[in-house]
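Novice: So in my numbering, the last one in the sequence shown is 103, and the numbering has no gaps at all.
Some hints here could point you the wrong way.
[Claimed, not checked] Have a look at the derived ranges for each label pair, beta carbon to beta carbon:
hint : residue 1 : residue 2 : range
1    : 45        : 78        : 36 to 46 angstroms
2    : 53        : 74        : 25 to 35 angstroms
3    : 53        : 98        : 42 to 52 angstroms
4    : 51        : 83        : 12 to 22 angstroms
5    : 95        : 66        : 39 to 49 angstroms
If you are wondering where the hints come from, they were derived from the structure by calculation, not from laboratory data. Ideal Cβ positions, reconstructed from N, Cα and C, are used throughout, including at glycine.
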Amino acid sequence: MLPVNLELPDLARNHLLPGSAFFMGDYLGLASASPEVVNMVELLRSNRPLGSNNDEVWRLFIGR
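Could you build the full structure based on these sequences and the hints that come with them?
Specialist: Below, the structure written as structure tokens:
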């Protein structure tokens, strides 16, 4: 559970909250659907280098 006393810095508040003068959420939404971003998120979630779908390659890469 996250603490309830979190506060956004001014930069985040100006760009990430709907209704703010410099709201970037719509642009971020468009970018998040691009194939490049989807692939990058998949790689980050897998925590494996590109092309390491093979468990043996991954085992050799991490040295176990």
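Novice: If a hint holds in the structure, say so; if it doesn't, say that too.
Specialist: A quick look at each hint next to the structure:
no.: 1; hint: 45 / 78: 36 to 46 angstroms; in the structure: violated, 30 angstroms
no.: 2; hint: 53 / 74: 25 to 35 angstroms; in the structure: holds, 29 angstroms
no.: 3; hint: 53 / 98: 42 to 52 angstroms; in the structure: holds, 46 angstroms
no.: 4; hint: 51 / 83: 12 to 22 angstroms; in the structure: holds, 21 angstroms
no.: 5; hint: 95 / 66: 39 to 49 angstroms; in the structure: holds, 41 angstroms
Hint 1 alone, counting from the list given before, is not met by this structure.
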